[in-house]
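In the order they appear, the protein sequences are chains A and B.
This note's numbering applies: residue 1 is where the first sequence begins, and numbers increase by one.
This note's numbering applies: residue 1001 is where the second sequence begins, and numbers increase by one.
Derived by calculation from the structure, the hints in this document are not laboratory data.
Do not take every clue at face value.
Have a look at the derived ranges for each label pair, beta carbon to beta carbon [said to hold, decoys possible]:
#, chain 1, residue 1, chain 2, residue 2, range
1, A, 44, B, 1108, 34 to 42 Å
2, B, 1045, A, 238, 49 to 57 Å
3, A, 148, B, 1008, 44 to 52 Å
4, B, 1071, A, 78, 53 to 61 Å
5, B, 1108, A, 238, 32 to 40 Å
6, B, 1059, A, 151, 51 to 59 Å
7, B, 1119, A, 151, 57 to 65 Å
8, A, 190, B, 1236, 19 to 27 Å
9, A, 196, B, 1219, 31 to 39 Å
10, A, 203, B, 1008, 30 to 38 Å
11, B, 1071, A, 226, 51 to 59 Å
Listed below are several chain B residues computed to face chain A (Cβ distance under 8 Å; list not exhaustive) [stated by the list, open to error]:
#, residue
12, 1050
13, 1072
14, 1074
15, 1082
16, 1088
17, 1090
18, 1093
19, 1101
20, 1103
21, 1107
22, 1114
23, 1116
24, 1215
25, 1218
To give a feel for the contact side, a few chain A residues facing chain B, derived at Cβ under 7 Å [what the hints assert, rightly or not]:
#, residue
26, 150
27, 151
28, 158
29, 223
Note that the structure is predicted; figures quoted are calculated from it, not measured.
We put the beta carbon where it would ideally sit given N, CA and C, even for glycine.
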Amino acid sequence: MKHSFIDQYSDLDSFIHRLDPRTKFIITLVFILAVIITPPARWQAFALYLLLIAALLILSKLPVFFVLKRSLVIMPFVLMIAIFIPFIQDGEVAGSYNIWLWEVSVTHTGLQVLWNVLIKAWLSILSLIWLTSTTKLPNLLQGLEQLGMPRVMVMILSFMYRYIFVLVDEVMRMRQARNSRYFGGKRLRQLRTVGNMVGTLFIRSYERGERVYAAMLARGFDGHSRTLNRLNFSQADAYFGISFSLVLILTSVVNLWY
Amino acid sequence: MEEIIRVDNLSFFYPDGQQALTDISLMIYQGETVALIGPNGAGKSTLLLHLNGILRSNGLVKVFGRPVDDRNLMWLRSKVGLVFQNPDDQLFSPTVFDDVAFGPINMGYPEAEVRESVTRALDEVGMTGYEQRSPHHLSVGEKKRIAIATVLAMNSEILVIDEPTANLDPGSKWSLIALLKRLPMTKIVASHDLELVQALCQRAIVLDRGKLIASGATKHILANIPLLAAHGLAPAESA
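Using the sequences plus the hints, can you model the full thing?
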């Protein structure tokens, strides 16, 4: 079965795509850090961040609709956590409502916190989408490894990238097999079937793990993993990384001290 | 002919106590292509896993005269290249390049030599240009070829393949057989695909329920219909 790539659009060609994964990773981290430490009231700063990330996205030739859609997929989760903040925050009341027996009031500070959480989450998500859509995952992992991420973590992530769709395929086949023998029944029974499927999937994955390990042993794996270093940090990386970081640092300094 | 693999009285029990192999003795000679045939669950794969020391048990397995033991493991795995049945198990890296390079890197080749081995191995299986692809997006036939390349990259002298034609359509199957025929090294092929055995192997060994049943020239074994029928390799006699 065909699935889309996790790192969809990472095979486009643009100035951004050609940058070293480490540069992009560091830029993303600096960007998120700058966004997070910005005081909520500084809307000018947020406008600047939005401008910056929009510029990066446009430079990388990513389809606008794709980016927006992907960023909106994650927002409901943020919203679910943040939506109650205006109601529980103390402060000047902006409005109060009677819902059946309760009297709820929304405060100004609460709204500000909500806006703060939402805009920061959205900007961070945009930057992460930018990172993963312009960098092939294998390259990103290699970059992370060279930046000092423990090798075990890198291996776990690379197995995830390799096997997630193999597992998804397995689940889809199991569902087809169930549906072709499913003739209705009580909800409880269905739950039991789902439980069995989860168990089966676990056992199959476990056995696959053993076979993969045997395949690694067969090619001389001895518990130490080795790789070739293929990344090179170019001049473009240095200029781009440094200038972008400087803009962000400057903004943060202005935000925090004035 | 020079004897390169020797198995003496090999028996193997699964962890749950079930016996998988009983007193297997066989020899493989330099340059030949041997088929290991038998029905599902005959113990073919279990036997293959003994040839490069992934499984070990009582009985003696010798490769090029050296016994399979801890001190020889790395050497052994560079000599005996094992291709697994399911390419999704064999290919575990995010890109084809990483996968084919995995063996050579573990063997401690210098970088230039690793790259050269990968290029050569991919060329031998006709998959040049696939280096940066993700195995997930390849067809089964392509994955099988890459799986073979991962072993060729280690310059193994013995190629051990488990069910090379499983899950392949006839077109991919015959082009894979042609590819295997071109490879010069000693080959051991476990399969119950008798067309493959006939086309590729000079000698055949019949295995059933963990026991060695018969061994001989492929044409004699395949002509012995009662033997094949008795061990699940041909339709039952009465049919």
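Against the structure, the hints:
no.	hint	result
1	44(A) with 1108(B): 34 to 42 Å	violated (57 Å)
2	1045(B) with 238(A): 49 to 57 Å	holds (52 Å)
3	148(A) with 1008(B): 44 to 52 Å	holds (50 Å)
4	1071(B) with 78(A): 53 to 61 Å	holds (57 Å)
5	1108(B) with 238(A): 32 to 40 Å	holds (33 Å)
6	1059(B) with 151(A): 51 to 59 Å	violated (37 Å)
7	1119(B) with 151(A): 57 to 65 Å	violated (26 Å)
8	190(A) with 1236(B): 19 to 27 Å	violated (41 Å)
9	196(A) with 1219(B): 31 to 39 Å	violated (48 Å)
10	203(A) with 1008(B): 30 to 38 Å	holds (36 Å)
11	1071(B) with 226(A): 51 to 59 Å	violated (21 Å)
12	1050	violated (12 Å)
13	1072	violated (13 Å)
14	1074	holds (6 Å)
15	1082	holds (4 Å)
16	1088	holds (5 Å)
17	1090	holds (5 Å)
18	1093	holds (7 Å)
19	1101	holds (7 Å)
20	1103	holds (4 Å)
21	1107	holds (5 Å)
22	1114	holds (6 Å)
23	1116	violated (12 Å)
24	1215	violated (25 Å)
25	1218	violated (26 Å)
26	150	violated (17 Å)
27	151	violated (13 Å)
28	158	holds (5 Å)
29	223	violated (10 Å)
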